[in-house]
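**Q** These protein sequence lines map, in sequence, to chains A and B.
Per the numbering used here, the first sequence runs over residues 690 to 891.
Per the numbering used here, the second sequence runs over residues 1036 to 1293.
Simulated from the structure, these hints should not be mistaken for laboratory data.
Be careful, since some hints might not be right.
[Unchecked claim] Chain A stretches covered by chain B per the calculated footprint, using a threshold of three residues with CB under 8 Å from any CB of chain B: (1) 720 to 729; (2) 820 to 832.
[To be verified] Cut-off 20 Å, straight-line C-alpha distance, at most; resulting in silico cross-link-like pairs (DMTMM-like, lysine to aspartate or glutamate): (3) Lys804/A x Asp764/A; (4) Lys799/A x Glu735/A; (5) Lys1078/B x Glu840/A; (6) Lys1073/B x Asp838/A; (7) Lys876/A x Glu770/A; (8) Lys1290/B x Asp1111/B; (9) Lys767/A x Glu870/A; (10) Lys1073/B x Glu840/A; (11) Lys806/A x Asp764/A; (12) Lys862/A x Asp764/A; (13) Lys1078/B x Glu735/A; (14) Lys791/A x Asp1228/B; (15) Lys767/A x Asp808/A.
These figures come from a predicted structure and were not determined experimentally.
The C-beta atom is built at its ideal place from N, Cα and C for all residues, glycine as well.
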Amino acid sequence: MKAWPCLFAALVLMATSAIAQPTRAPLPGESVYRLPIQLIDQNGKEFAWADHRGKVRIVSMFYMSCPYICPLIIDSGKAVERQLTPAQLQQVGIVLISMDPKRDTPIALKSVATKRKLDPARWTLASPAPGAVRSIAAVLGIRYRALADGEFNHSSALILLDADGRILARTEKVGSQPDPEFLAAVKRVTSASAIAPTRPSQ
Amino acid sequence: MRCFAALMLVLVPPLAALGAGNADYAELPGGNFRTALKYEDSKGDTAVAPFALMRKPVTNADFLAFVGIHPDWRRDRVARVFAEPRYLSHWAGRTTLEPQALAAQPVVQVSWFAAQAYCQAQGARLPTWIEWEYAAAADETQRDARGDPAWRERILSWYSRPSNQALQRAGLQAPNVYGVQDLHGLVWEWVDDFSALLVDADNRSEADGTTSKFCGAGALSMDDREHYAVLMRVAMLSALNAEDTTGNLGFRCAKDIE
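Starting from the given sequences, assemble the full structure and let the hints guide the process.
**A** Right under this line is the structure:
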């Protein structure tokens, strides 16, 4: 009999922690959120990469001083945004990760977010620690090289992640016209996740 | 001796890491080095800082000791995002090697993430491409043997051997002038910045920037027949993803020298 209160307490604890942490099931093995790294965002807030779990996200890598392609990456994200319904928009986060964290401080990130009028409810601009850039690029399949003049040579991609961090789609077509296949994948997952758990498209 | 080192690694990891560091690494002086890679943005020599490099590639025995301490890197536990299904698939079991994998052979079927984790656990890191190329330019007597036709011939003969033969043990070849072995003629090796080797397959056929895979002027041209052997490695590394493994790709670790 004495065990009951304890068992009850344990059950309550389990129930409340289940409510507080609805996504604490182990991450799938394919999840990019398996990478144990910290980032700092445009508001100076530090967060664990895995904290991005729980929402569909479109991710890309860039650097702020980039004159040509990086503005196009932002255009690409905005182009996808424009094609989504308000209900779909609510379910998507857009994350731009810097490959140049030494220069891309929170202040620098914030200035771009403001200048490009990026909705803070949806857009995260973040820098990893300098030693973690190659790893996060690796889980996203992005290649880059620092050039002698401080610029970067890099592959440009938009990557669609499901709520658990599995890669659902990617496109290397960036610009103001969204890649139709990529857009279809975004629409599919944002429509599906309203009713059913997300599922890889293939 | 190897077995003892492996045992030490299991019993007292921090001490063993230090001990192994002194015995198994060769110290390379820094220097100015002309890479065989032709980048549009950088011409001339690159300054290489002094560093330490493992004398031999990491062996199956070494890697077995590592997965013993870090079971997350066992093939039955590793997260798929960090290693493809062929990871360590030539080992008999998740913590057993023979008969297909021998203790003294270099470990292969390892992903970049796994190689990086191994080196980190030793308080080390993977060498950068330029460090690897710098060390691999030496022969037994010269720091830069690349102009020597006999040396080039020797390396190329390895590439012409079929790759389905069993791997030799690590450490059988003569050390180069720095005391480093097996940079050529045994396995190909991961480098830390493998994904900085941007070889754009399209950049010869199409001048139109929109079809190019990479942003900016940094594409690499590979038209140097003299450095064919090194460029083969670059072509291979540039085609891999970080979770990929192959039957002839291993690694060794490096360290900064204070």
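**Q** What are the numbers of the hints the structure violates, in ascending order?
**A** When the structure is compared with the hints, numbers 8, 13 turn out to be violated.
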